[in-house]
Every structure is written in structure tokens, then in C-alpha cells.
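K.L.:
From just these sequences and the hints, can you work out the full model?
In case you want the letters, here they are:
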Amino acid sequence: MGQFLQQLINGIQIGSIYALIALGYTIVYGIVRLINFAHADIFMIGAYMGFFLAPVMAKVFGGAFIPTIIAAMFITGLLGFVMEKLAYRPLRYKSRLSALITALGVSLFLENFCALDFHLFGVHLVFGPQFRKFPDLIVTRQIAIPGNLGLSIPNVVLLDVGVSIFLMVLLFWFVNKTLIGKQMRAVSFDKPTASLMGINIDIVISTAFIVGAALAGAGGILYGTTYGMLAAPYLGIWPGMKAFIAAVLGGIGNIPGAVLGAYIMGISEAFATSVDSNLGFGIAFAILIVILLVRPSGLLGKFMPEKV
Amino acid sequence: MALLDIQHLAQFFGGLRAVSDFNIQLERGEIVGLIGPNGAGKTTVFNVITGVYMPTKGTIVFDGQNIVGRKTYQITQAGIARTFQNIRLFSKSSVIDNVKIAYHFHMSYGNADAFLHTRKYWQGEQLVDDYAIDLLRLFHLDGHADDLSGSLPYGAQRRLEIARALATKPKLLILDEPAAGMNPAEADELMEMIHWLRDKFDLTILLIEHQMRVVMGVCERIKVMDFGETICEGVPEYIRNDPRVIEAYLGKGA
Amino acid sequence: MTFLRAHRTIATVIAFALVYVVIKVLNLVGIFNAYYIQLIMLAGINIVMTVSLGMVNGFTGQFSIGHAGFMAVGAYTSVMITTVWLHASVANPWVGYPVFIAAILAGGLLAAAAGYIVGAPSLRLKGDYLAIVTLSASELIRTVIRVSSFLGGPRGLGGIPKFTNLEVVFVFAIVSVVLMRNYLFSSHGRSMKAVRDSEIAAEATGINTTRQKVFVFVFSAFFAGISGGVFAHLLQFIHPDNFSFMKSLEYLIYLYVGGSASISGAMVGAAVFTVLPELLRSLQSWRMVIYPLILILVMIFRTEGIMGLKEFSFILIPQRQRKEVSA
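Residue numbers (this note's numbering), protein chains in the order written: chain A, 32 to 339; chain B, 34 to 287; chain C, 667 to 993.
Fair warning: there could be bad hints in the mix.
According to the in silico footprint, chain C covers these stretches of chain B (three or more CB under 8 Å from chain C) [stated by the list, open to error]: (1) 97 to 106; (2) 109 to 115; (3) 120 to 128; (4) 154 to 165; (5) 205 to 213; (6) 232 to 242.
Derived list of chain C stretches under chain A, where covered just means 3 residues or more per stretch with a C-beta under 8 Å from a C-beta of chain A [stated by the list, open to error]: (7) 726 to 734; (8) 804 to 816; (9) 912 to 925; (10) 950 to 956; (11) 962 to 976.
In short, the hints are calculated from the structure, not lab data. Just so it is clear, the structure is predicted and the values come from calculations on it, not from any experiment. No residue lacks a Cβ here, since even glycine has one placed at the ideal position from N, Cα and C.
P.N.:
Laid out in C-alpha cells, this is it:
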């Protein structure tokens with residue numbers, strides 16, 4: 032029982048991080064029907080931002096976590112905006128295939144650019160492929176679970192889950208209660224008509240990218256805090272892939288679906304890994320295969336036939 | 034026996050009743066028109082017949098076979114060809130290739146011949162090239178045979194779409210707004226062409242059209258739809274004067 | 667064959683034979699050392715890989731990003747046959763080479779089977795999903811190799827006899843490209859392009875689009891598998907990391923920058939990018955930064971790639987004279 036609870040908690044923990052990444056994929060796909068391959072690398076950059084910003088934040092603000100995560104989200108949001116403007120907007124009316132290829136190119140570029148490792152005028156460019164220890168943003172300690180199971184969970188878990196849920200609630204409010212959120216939903220439903228209704232498509236698309244990127248950045252900070260180390264600028268690839276599969280599982284384009292898919296993915300992975308580490312690796316693919324064979328539109332997705 | 038027999042066809046999209054209780058029998062050689070205001074369900078009927086949608090209810094029997102549930106390409110191979118409301122040519126292929134592609138499932142050689150360029154391949158290619166150029170000639174498109182189909186003027190693209198549909202050697206030809214974007218002179222040419230198509234290629238023709246001059250001039254029988262339902266059916270003179278039809282198009286009090 | 671066709675074919679054959687002779691002479695004279703010959707051989711392998719990828723991504727309009735996975739299947743299968751099970755050797759060429767050729771073909775067939783397993787279920791779905799499926803599939807293949815100790819596992823497989831030489835690569839590259847070119851210029855090739863241009867219209871003209879997509883995917887995997895076999899017997903050592911996602915991405919870059927709408931584009935992309943890094947030795951560490959940048963710039967400013975729709979004359983099939991008067 033204790034094992035079961037332990038894995039469940041692990042699953043919810045990693046699921047929370049996957050959720051933040053998956054939301055970015057799903058929001059962007061919902062608005063422009065593009066799988067933003069570079070999204071995983073924004074997550075990675077968020078994590079590295081934590082590494083570089085934490086000491087500064089600690090000095091300026093005293094406490095490191097909250098200012099760091101806000102700053103990281105700001106930077107990654109900006110990066111998302113720039114990425115859309117430079118690389119995707121020129122292709123908006125060209126074929127979707129070109130946009131997909133470009134997304135792949137952007138992803139590759141970011142990974143390898145960040146992996147560059149040399150000095151220019153005394154500045155180290157850029158992140159280098161070496162292993163870095165993520166700074167301690169919070170003081171880690173165990174929190175005892177009430178009851179007589181004798182269990183305790185690290186406070187990091189509460190942090191991950193709490194911050195994620197807080198951001199998800201914020202997103203939910205943003206998408207459903209604000210004007211721009213409503214516009215985003217309109218554009219994702221029917222872009223040409225939305226623009227005919229006076230909605231500024233450019234602003235909506237930029238907002239979608241900014242929001243998605245900011246969430247990924249937050250995910251990156253949580254990732255660094257949880258795992259304590261950054262292996263290389265390629266660290267975004269696997270979590271990104273699993274988060275994308277999670278978004279597909281929930282129904283790509285569907286926001287609650289991304290959250291649902293992420294938690295299912297996280298929990299399945301936790302239980303699978305506890306049985307065998309190779310199984311944990313393969314579970315993501317197994318889920319993908321099953322969902323594509325059984326229900327390609329995802330758990331909460333709708334099948335949208337093309338108008339002939 | 035009717036070539037096409039549709040009984041009690043219904044197509045619902047969730048709560049939206051796009052088509053309710055549609056019935057039609059087409060005899061061989063007829064030219065029948067399907068008209069109605071926008072959104073009446075006409076193209077949906079076409080899409081159901083050609084297998085794009087699976088009907089919610091109803092039966093479709095073509096040439097003695099039930100075609101409900103078959104895929105689009107199977108229905109085409111069974112003998113129903115269609116053109117599209119917004120032209121869907123293979124824009125990056127040449128004019129003659131568009132026609133040759135439609136002939137593909139009649140082609141005599143297989144994959145192995147394709148890879149190895151065997152004698153069968155060369156014979157097959159000669160056959161389809163001759164066939165295609167002859168067909169294009171009938172439509173006055175042979176001069177453009179090797180041009181990119183996307184570069185043709187609009188009227189020529191429409192003709193090419195019809196020529197392509199004919200290359201599948203259909204028994205029933207379904208035309209979705211063939212006169213769209215045509216001026217009266219072009220529309221007259223189209224009407225002549227439709228009669229000629231029926232006679233020369235031994236076809237049965239079902240068409241959707243908004244230009245009344247074309248509908249009245251070419252159709253032997255007309256069915257009128259509105260909001261997914263059939264509101265009238267008969268010969269052109271009868272339809273023209275029916276109050277329900279007038280109301281559907283022009284509103285009450287017209 | 668008409669005179670014109672025979673004439674053209676002979677001219678092409680002579681041209682390629684001349685190229686081969688020139689390379690050999692340069693090698694003999696010492697201008698082209700073994701290193702350059704290896705580069706030419708790699709270019710040949712990359713050309714076949716890129717052209718086969720172009721069949722799926724360029725001409726059928728799909729987005730497959732795991733091509734290196736099929737290369738891995740072919741590589742490992744052929745090596746198991748020649749090296750691990752049959753211990754073939756270059757020292758005994760009359761036995762060795764037939765074994766090598768059979769092993770290569772077996773590798774291709776197994777890769778084709780893998781292509782069917784991956785492609786048949788996923789090509790039914792809308793385009794975006796194929797990317798994620800092919801990526802996952804190639805990673806899955808690599809994982810299977812890594813955990814299988816009989817395949818060498820994470821230590822790789824070595825001691826592979828060097829069956830691949832310039833002659834082998836020439837023949838293999840020319841035959842492969844000719845076969846794919848032939849298919850492209852057939853009725854089936856036209857259908858393939860129809861699926862790319864408008865899948866809905868293709869269905870409406872009687873083409874079984876799913877079967878067409880799957881068939882192209884499968885034979886594309888076959889050629890990738892054969893390339894893998896030739897590759898393995900050149901490098902003499904293979905490792906799962908030789909066939910990673912990065913490798914698949916390289917072929918994508920070669921294809922899209924060269925031009926995905928023509929065979930010549932694929933050939934140009936492969937040749938240029940195989941040779942380029944050697945010319946720009948000093949920028950090696952920047953290679954994977956510059957390549958994606960080139961890809962992005964090409965997509966934005968010249969989407970059709972270097973060659974666009976144009977083909978080299980030796981790729982095209984000579985047009986027959988059309989009859990003037992119909993019956």
C-alpha cells in the first residue's frame with residue numbers, strides 16, 4: 032500500500048510538470064494547427080534560466096523561488112513571441128508541412144545553439160553540453176503525512192503540484208473569463224470567420240505562443256528544482272515527447288484534455304518504471320499506439336471531418 | 034431498374050439535421066437537377082452518395098449494389114464520378130496527368146512493371162497517353178496538355194475537372210455547381226456540353242446548380258431542397274411556378 | 667525502344683561510366699586519397715537515403731521523420747547475416763559477395779516489413795500524427811537494439827568486413843535511383859503525386875489513397891534498409907547512436923533544402939551536405955547549428971528548395987511523339 036501511494040505521488044508529481052508542457056503544445060495546436068517541435072526546447076531554456084537567474088534573484092530579492100520562476104516565465108514567454116514572429120509567421124499562409132519542417136528546424140537550432148561551448152570576450156556561450164547542478168531554490172524537507180502509514184513526502188512534490196495547479200487555474204480563468212481568451216477560443220474554432228469578426232489574429236496567435244511558452248518555462252523551473260540537475264541542452268526532448276503524447280492522449284487542441292492526458296501519462300510512467308525501467312521508457316509509446324489505434328481524436332477530443 | 038435508388042436518406046451531424054428523408058430514383062440517361070438555397074443539404078447528399086460521409090439513415094443502391102459504407106474510391110470504381118464545388122484539381126500535375134491519374138485504376142500494368150519499365154509498362158503508357166489526349170481534344174484542352182493544371186484559366190479548369198471525371202469511365206456523373214463563376218455565354222456552352230456528355234458517353238447526370246437558366250435549360254427533372262428536406266419535385270415548368278419553391282428562394286410575401 | 671530512347675540511355679550510361687573512370691584514375695594518381703573515396707561512397711549512400719525519403723515526404727506529401735530507424739534495421743540485419751552468423755569475409759570474394767548481396771537484400775526486406783508495421787496503421791490517420799509515430803518507431807527500434815545483447819547492445823557491433831567499395835556504391839546508388847525514378851514516372855507515381863496534391867480528389871478519382879501511401883512508405887523503408895546494409899559494411903562498426911533521431915533529421919534537411927519535389931533535389935541536397943562539412947572543417951562544431959538555420963531560411967525564402975520542380979535531364983524519361991490525328 033505504501034508502495035502504491037508512493038508511485039501514485041510520483042506520478043502526480045511528474046504529471047504536473049508534463050501538464051505545463053502539454054498545455055503549451057495543445058494551445059498552439061488549437062490556434063494554428065502546428066505541432067511546435069521547439070516547445071520542448073523552450074522548456075529546456077526555462078530550466079537553464081533558473082540556473083543562471085537564481086543567484087541574481089537571491090541577491091536582489093532574498094528568497095529565490097518566486098522571483099526566479101516569474102523571471103523565467105517572462106523570458107520564455109518573450110522567446111515564444113519572438114519565435115512565432117520570426118519563424119512561423121512568414122509561413123502562416125504557406126503549407127502546413129513547411130511550418131512543421133521549420134518547427135523542426137527551430138528545435139534543432141535551439142538545442143545545438145545552446146549546446147555550443149566556447150568563450151567570446153570572456154562570456155561563456157551558450158550553455159555548453161556539460162552537466163550543471165541546479166541551484167537550490169527552496170529548502171528541501173520532508174513533510175509527514177498524517178495517519179499511521181509512517182510516510183512522508185518531500186515538500187518539492189507539494190511545490191510541483193501546487194504551482195502547476197495554480198498556473199492551470201490561472202490559465203482557465205484567462206481562457207474562459209477574459210476577452211482575449213474568448214478571442215483565442217474563437218480563432219481556434221474558426222480562424223477566417225474570427226478575423227472577419229474583427230479579431231486581430233496576429234495578437235491572438237502571439238498570445239497563444241507567449242502563454243504556452245511561459246507555462247513551459249515554469250515547467251522548466253519546476254523540473255530543475257525537482258531533479259536538481261541539468262544534464263545537457265537536450266534535456267527537453269524526452270519530457271517534451273511524453274508531454275506531446277499526453278496532449279494527443281487527451282485530445283490535441285483540448286485544454287482540459289492536455290491536463291488529463293499529462294496526469295495519466297505521469298502516473299502510468301511512475302508505475303511502469305517501478306516494475307522495470309525499460310518499461311517506464313516504453314510506456315509512452317505504448318500509450319501512443321493504443322490511442323492512435325483506438326481513438327485518434329483523444330479522450331476528450333472531437334472528430335473534425337474536413338469539409339468537402 | 035433505376036440506376037440510382039436512394040431511400041429515406043438522412044444525415045445528422047450531432048443535433049444538426051443536414052438531410053432528412055431524401056428519396057430519389059435516377060433512370061439511365063436522365064439529367065436530374067438538385068436545387069435549393071444555400072445550406073439546404075444538397076452538397077451533403079452528394080457527399081453521402083460518394084462515400085465522404087456515412088449516412089445516419091437510409092439506403093443507396095447503385096446499379097443493383099448497395100453502396101452505403103463503401104469508401105469513396107470504391108464508389109468511384111463502381112461507376113460514380115463527381116466534380117467539386119470549389120475545383121480540386123491536382124494543381125502541381127500537368128493537365129494530361131490529371132486525366133491519366135483518373136484512368137489509373139483501369140491501367141493494365143502493376144507495381145513490378147512500374148519499377149522495371151517493362152514492355153507492359155510502355156504499352157500501358159502509350160495507351161493511356163493516346164486515350165488522355167483524345168479525351169482532352171474533345172474538351173479543347175489538348176493544346177495545354179503539358180501545362181500545369183493550376184495555370185489554366187478558370188473555365189478551362191472546370192472543363193478539365195469534368196474531363197478528369199470522365200476518365201474514370203463512370204455510369205453516373207455528379208456535378209457540383211458546374212456553372213459557378215460562369216457568365217451567361219459560358220453557361221450556355223456548359224448546357225450544350227452537358228447534353229453532349231450524356232449522349233456521347235452514355236451517362237446519367239445528377240447536378241447541383243444555382244444558375245436557374247442552366248437548371249431549367251438542361252434538367253429533365255428537378256428536385257428542390259430546403260433545410261434538409263425535399264419541398265418539391267417535378268419538371269422544370271412545374272417547379273418554376275410552385276409557391277413553396279418561390280418562398281424558399283425569395284422568402285414569404287414574394 | 668525507339669531510337670531516341672536508346673540514344674539517351676546510352677549517353678547516360680557512358681556519362682556515368684566516365685565519372686567512375688575519372689574517380690578511379692584520380693585515386694590511382696593519388697589526388698583522391700582513401701578519405702575522398704570514402705566521402706564519395708557516403709554521398710552515394712546518402713543520395714539513396716534522401717531520394718527514398720523524398721518518395722514519402724516529397725512526392726506523397728507525408729511527414730515521416732524516422733527514416734534512420736529503417737536504416738538501422740537494414741544495417742543490423744545484414745551484419746548479423748554476414749558477420750555474426752555466416753562469418754563472410756572479403757578474403758574470399760566469390761563466396762563473400764553473394765552472401766553480402768543476399769544479406770543486404772534481407773536487410774531491405776526486414777526494413778520493409780518494419781515499414782509496413784509502422785505505416786499501415788498510422789497512414790490511415792491525418793498527416794500530423796505520422797511524424798510522431800515515425801519518430802517513436804525509430805526510437806523504439808534503437809531501444810530494442812540497445813537492450814539486445816545478441817545485437818551488440820550499447821557496445822555496438824564491430825568486425826564487419828569491408829564489402830562496400832566504390833563499385834558497390836556506384837551500382838547500388840544507380841540501380842536504386844533508377845528504380846525509384848521509374849516508379850515516379852509511372853501511373854503509380856502519378857497517383858502518388860495525386861495523393862500529395864489533394865487526397866480528397868485522389869479518392870474521388872478512384873485511387874485507394876491509404877494503400878498507395880502504405881506502399882510507397884514500405885518501399886521507401888526497403889531502400890533505407892539496403893542503404894543501411896551498404897553503410898554498415900563501409901564503416902565496419904555500427905552502434906545504435908549511428909541511427910538516432912539526429913540522423914533522421916539530417917536526411918530531412920538534405921531533402922527539403924535540396925528540394926522535395928524532385929529526385930534531383932534530393933540528390934543535390936545529399937551530395938552538397940555530405941561534402942560541405944568536409945570543406946568547412948573548422949566549423950564542425952557549428953554544423954548542427956548552421957544546418958537547421960539553413961533549413962529555416964530555405965523554408966521561409968525558397969520553400970521549394972534548391973532544385974524546385976526541375977529535374978536533371980538524365981532523370982527524365984524522354985517524351986514519346988504524340989499522335990496527331992485520332993481515330
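K.L.:
Now tell me, hint by hint, if it's right for this structure.
P.N.:
Against the structure, the hints:
1. 97 to 106: holds (count 3)
2. 109 to 115: Our answer is that it holds, as 4 residues pass the Cβ test (under 8 Å) against chain C, meeting three.
3. 120 to 128: holds (count 6)
4. 154 to 165: holds (count 7)
5. 205 to 213: Result for this restraint: violated, n = 0.
6. 232 to 242: Violated, because only 0 residues of the segment 232 to 242 of chain B bring their Cβ atoms closer than 8 Å to Cβ atoms of chain C.
7. 726 to 734: holds (count 3)
8. 804 to 816: holds (count 4)
9. 912 to 925: holds (count 4)
10. 950 to 956: holds (count 4)
11. 962 to 976: holds (count 4)
Figure legend: structure checked against the earlier numbered hints; hints not met, in rising order: 5, 6.
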